[in-house]
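**Student:** Please put together the full structure from these sequences, using the hints given.
So the sequence lines, in the order shown, correspond to chains A and B. Heads up: the first sequence is residues 1 to 538, going by the numbering used here. Heads up: the second sequence is residues 539 to 1076, going by the numbering used here.
Since the hints were derived computationally from the structure, they do not count as laboratory data. On a predicted model such as this, the values are computed, not experimentally measured, just so you know. Glycine included, every Cβ here is placed at the ideal spot set by N, Cα and C. Be aware that a few hints might be false.
Unchecked claim - Reference listing, derived: stretches of chain B covered by chain A, where coverage requires no fewer than 3 residues with Cβ under 8 Å from a Cβ of chain A: (1) 609-618; (2) 760-773; (3) 783-790; (4) 918-928.
There are 2 protein chains.
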Amino acid sequence: MKGQKKIERVLMSVTDKRGLPEFGKFLHDAGCEIISTGGTRHVLMDAGIPVTEIQTVTGNPEAFGGRMKTISFAIESALLFDREKDKVEAEALGIQPIDLVVCNLYPFEMVKKRGADIQELIENIDIGGPTMIRAAAKNYQWVTTVVDPDDYPMVMENISKRGGNTDIETRFKLMRKAFNYTADYDSLIAVTMDERAGEPTLRFAYEKPEVLRYGENSHQKGMIYRLRNAPDSLYDMEILHGKKISYNNMVDLYGALETVRDLKRTGCAIIKHANPCGLCDGSDQREVFEKAWAGDPVSAFGSVIAFNKPVTLETTKFLHLDAKDKSQRKFVEILAAPAFDEPALDYLKQHKNLRIVLFDPARIQPTYDMKFIYNTLLYQDTDRQLLEKVEYVSQKKAPVDEGLMQFGLIAVRQLKSNAICIARRCENGDYQLLGMGCGQPNRVNSTQLSIARCRENLKAEYQGNPQYLEAYIQQKMGEAVLFSDAFFPFPDNVEISYEAGIRMIVQPGGSIRDMDVIKKVDELEMTLIFTGLRHFKH
Amino acid sequence: MKGQKKIERVLMSVTDKRGLPEFGKFLHDAGCEIISTGGTRHVLMDAGIPVTEIQTVTGNPEAFGGRMKTISFAIESALLFDREKDKVEAEALGIQPIDLVVCNLYPFEMVKKRGADIQELIENIDIGGPTMIRAAAKNYQWVTTVVDPDDYPMVMENISKRGGNTDIETRFKLMRKAFNYTADYDSLIAVTMDERAGEPTLRFAYEKPEVLRYGENSHQKGMIYRLRNAPDSLYDMEILHGKKISYNNMVDLYGALETVRDLKRTGCAIIKHANPCGLCDGSDQREVFEKAWAGDPVSAFGSVIAFNKPVTLETTKFLHLDAKDKSQRKFVEILAAPAFDEPALDYLKQHKNLRIVLFDPARIQPTYDMKFIYNTLLYQDTDRQLLEKVEYVSQKKAPVDEGLMQFGLIAVRQLKSNAICIARRCENGDYQLLGMGCGQPNRVNSTQLSIARCRENLKAEYQGNPQYLEAYIQQKMGEAVLFSDAFFPFPDNVEISYEAGIRMIVQPGGSIRDMDVIKKVDELEMTLIFTGLRHFKH
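**Tutor:** Below you can see the structure in the form of structure tokens.
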């Protein structure tokens, strides 16, 4: 059977010396001859492992300051020849097979990271290593290629179990890993050189595919992948309970985590169709959850919700999952948090379809985001900064709650443009999203939507005499602040806001009609603050 | 000066034989010795060019069915040694420099495309080629690496001009190209092997960077790239006039082109904040433009507009760019079309800030789209199919205009969810978007927004006695069709639509409350059609 000859000759040539003595000793004890080069050879010899110097195999000297060490007819033939078809030819040429290559490459990435100049980068382009790895990988039917020290234990175990050689499945897997490794290596070299030339290119690899039930809709196939070699990824989230996460769930989950990420206290965001329809930042988590929910209690059904602090039982009970009257139970798609108290988890698990996701929003720290539009990539820095300044541009200068300012901007930044949100400081100091309008081609629409939402919410919370409802609404609106993701193009938004009771507006400014807007604000004795920073999001 | 020695020895080993005899002849005439292998050597010899067989240089036979041809101490040394530092050593070892490598690789991609099995794929993994290319590229200070036959004329010209060798800038550029080439090659191998293993991975390369003025907002840096080796890309659009395209422009432009792409007659889409706020498909382009504009005449200002047919002067005149009264001029960001009549172009160029983009929407045929969410990739088929069926589920079965059905679904598919649109067949047979609502967490909001928009538009077009306005609106709404991108979760949307005058609703169906919705429709004697296909878009 192919490849079931024992491993007899091994070539080791590694930059990453982790685990090398142990692996070398294992191979030596298994009766293998170990051929090696330079530093690798020294580490092995220091561990008392006999090593054949590679020059005795290549028949050539190490030359040109180490640029030529392994590349030779002898080595690559030993890796490449077909153990069946080419057996006689190999024997005639005096080529002895090499059955296992353990090799990783010059540390181009490390050298790059420490800001090396082009000459040092060039010296750190490995030529012999990729040749050996690729030759061995091509001949995976017979040859084992190991490029990652983390694989040594697995390979040793496999060799032990299989009586002296790896099995073909393992070799095939290692071959794939080898070509991924050389692809990464040359990708990094190409990108680095292009960058140095002032013509930056981008290369991305995605791995660990998982088939989603479908894409945004059932007639679209959907997949999820992890960015290769990324230190962290939303992909790494842990699903503690519930059925598989869908494509749309992932989009909403990202939005939910992004929204609560920057909240300072205990926060809760409720996402529906990628927009936060409820948001609160405060002290008591259960209360925060209730206030977020109150932002749009109809839309909150079937939403995706994230918390930025460990979730307590008291918080989860707001969902009334154990209510006898099923209509009392609040169904949501996902609850995500950095942790869940054990009783909270038990409580949530009552609902078999609810996904419980463990992921700390603080981990969401991307530095860029990207959009694909027909074989074109749009690449940009993420929108992290909240504001440039707090500039009162109106005659009236009502004091602004700094925390509310941050909160309102976090909310409006997350909404699809054109976006308006109205936020308030509650009596206990919590910040609450009272109403939002988003995704409109015309800013007036968004303003109207946010006001209508506020009015409904205020009506719902009002418990007094109906004849004073309007006064209550006007009073509460007067205490809230309206945030706009971009400037008001016309004074109409000011008038609509005023009529609704709003007395303070925060927007970036920057319109050619700013003066008209300010004039209207002054006329109505409102406060207008310019932040200097727009937050379009599409 | 480094590298200004003439090119004396050349190594040619190519799979793609295009232009080979011409380049070989040029090099021979320039006094170069040409070393070559196998098929390349035959092509050169057939063209009467003297060739040194590579075996006379390597000192080794071609072995193992061609697996070993070039890899040798002699060849890679000749490419890699430092022409200054290693000069004496090279002479002592009898290594003569090779100054130019012309090499491209086994046709792995072609073999893959024709559905080769794993064994054939493996045989088409080139080992010697990448080694030569990478060695030569590493030593670009002295060695020229040519991997692309399309570069032969440039290289010949460069050699001629520079008196027998390429200049260092050219060699650096060719080095970058070489590493991009080997990166592509191993990326394709890795992806192919992973795919065959049933664990597909993805690798993308983007090139041709252009710095955008900024990203979605001015505090975000923005870049645009082209997908490497893509046969077509939105990146390839031609800007005939106007200032640079911005990040947000590109997003809207893509939306505009996607929207008109599938329209059968002459179409026009008007995009604001990524959503179509105006859309028409009809016979006369000027009229179509006017009707699209009428969909939301306020939002249309500053929009991005696409046509699917060559644009005429008559059409462009609707913008009134030459109006003495500046308020009559309609400012839009971009006009895109597959072609522009010369007079139309001249007319449009009056506005210095208007971008005129040449791109045929029919080219927008992506098979997938992707979203990035914190080092995670969501990948899906594009939403191309419009409907599964036309199923009357109501007792009333008013006939549906098939073209209007298609048109309404094209519009609603393009709107951000939750999306509702109301579309009509005009008297002359044109289809027009009468009003839309989108981007809402709650479907009722979208329904209300679309109705409000329709009412405003109908009011604007009505020229009769004001006392009959409401009757007019009711009549026109009754002739229109309401499209929903997803099912109605509750009958409330039906009631709201009915009150607004709507008598026909098209939606995918699939809610657990479909029966309640159908009951309400029947009660109100409306027509309800299920398409079976949802069109969420976020």
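**Student:** Against the earlier hints, flag every one the structure doesn't satisfy and list their numbers going up.
**Tutor:** none
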